[in-house]
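In terms of our numbering, the sequence shown opens at residue 1 and continues consecutively.
Since the hints were derived computationally from the structure, they do not count as laboratory data. All residues carry an ideal CB built from backbone N, CA and C; glycine is no exception. The reader is advised that the hints may include incorrect statements.
List time: in silico BS3-like cross-link candidates among lysine-lysine, alpha-carbon distance up to 27 Å [what the hints assert, rightly or not]: (1) Lys88 / Lys171; (2) Lys190 / Lys171; (3) Lys60 / Lys171; (4) Lys218 / Lys255; (5) Lys144 / Lys107; (6) Lys107 / Lys246; (7) Lys97 / Lys218.
Cβ pair distances, simulated, as ranges [as the list claims (entries may be wrong)]: (8) Ile297 / Cys169: 39 to 47 Å; (9) Glu78 / Gly226: 33 to 41 Å; (10) Lys60 / Gly216: 17 to 25 Å; (11) Asn67 / Lys218: 36 to 44 Å; (12) Cys281 / Gly105: 46 to 54 Å; (13) Arg101 / Cys225: 20 to 28 Å; (14) Gly272 / Glu78: 50 to 58 Å; (15) Ser181 / Arg289: 17 to 25 Å; (16) Glu78 / Pro136: 45 to 53 Å; (17) Lys51 / Gly216: 16 to 24 Å.
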Amino acid sequence: QHQRIHTGEKPYSCGQCGKSFEKPYSCDQCGKSFTQLSNLISHQRTHTGDKSYSCDQCGKSFTQPSNLTRHQRTHTGEKPYSCDQCGKFFFTSSHLKIHQRTHTGEKPYSCDQCGKSFVTSGQLTLHQRTHTGEKPYSCDQCGKSFTTSSNLTIHQRTHTGKPYSCTQCGKCFTHLCSLLSHQRKHTGEKSYSCTQCGKSFTQSSNLVSHQRTHTGEKPYSCAQCGKSFTSSSSLIVHQRTHTGEKPYSCDQCEKSFVTSSRLIVHQRTHTGEKPHSCAQCDRRYSDKRSLIKHQKIHT
């Protein structure tokens, strides 16, 4: 099957008109074609909503076993794909491929309206909505529309609250991953320990970065000014002070930011989400800095 990419062979012919096809299995719902019947069957589940493969950790269901396998790595922490440039690990090969473009500078997806280029097709699709004004995701509570499903989900929590609650202390969270991270405060689980000082960490990558505070190692150097850093992520953020690059753009207003964390805080001005609450008076804020400033009135 792979060799047909090179030979151009199309072995399946229509008995009526003689036209040749490479993918004989077509979906009667949308017309998409596949080389194998099993791939067609998997695809058809996107129409029927059938999700036969469930995670035994959290109950989330998937249409394909490969998607379940990828999801389960969020529980086990397994990251089998590593970057040969900087050693960073990833859950999936596609995430690795996207990451590698930060080294090569490749942006293969270009907007035909303004020429702006993007690392992923998804980023291009979101950007194109700034030209079309399309906001396909609407809140069924208040009718407010959004360009992405993730922003709609975050917004809807302003109506429904925070669905993930800690059984130990009752604290609630908007995301399951935030709850799981919080629960480690109760369990004290920190599987990765420093042999120098005994400090423990929840993730191996955090331990590796910490160990460099003992060795003094700063393997990531800026080619512009020579400043060195303990992690590749710190170097990447620093380099933007030279290039002026702000790669994280808001799909609501096109404002751009140097880091994803600053974008997340900004997006709350659109969604109305205020995750930081004062324990004294229950006043809420979109960012932690504003909460800390507010708490001074109580002291």
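The hints, checked one at a time:
no., hint, verdict
1, Lys88 / Lys171, "violated, 32 Å"
2, Lys190 / Lys171, "holds, 21 Å"
3, Lys60 / Lys171, "holds, 22 Å"
4, Lys218 / Lys255, "violated, 33 Å"
5, Lys144 / Lys107, "violated, 32 Å"
6, Lys107 / Lys246, "holds, 15 Å"
7, Lys97 / Lys218, "holds, 25 Å"
8, Ile297 / Cys169: 39 to 47 Å, "violated, 25 Å"
9, Glu78 / Gly226: 33 to 41 Å, "holds, 37 Å"
10, Lys60 / Gly216: 17 to 25 Å, "violated, 43 Å"
11, Asn67 / Lys218: 36 to 44 Å, "holds, 39 Å"
12, Cys281 / Gly105: 46 to 54 Å, "holds, 49 Å"
13, Arg101 / Cys225: 20 to 28 Å, "holds, 24 Å"
14, Gly272 / Glu78: 50 to 58 Å, "violated, 36 Å"
15, Ser181 / Arg289: 17 to 25 Å, "holds, 20 Å"
16, Glu78 / Pro136: 45 to 53 Å, "violated, 34 Å"
17, Lys51 / Gly216: 16 to 24 Å, "violated, 50 Å"
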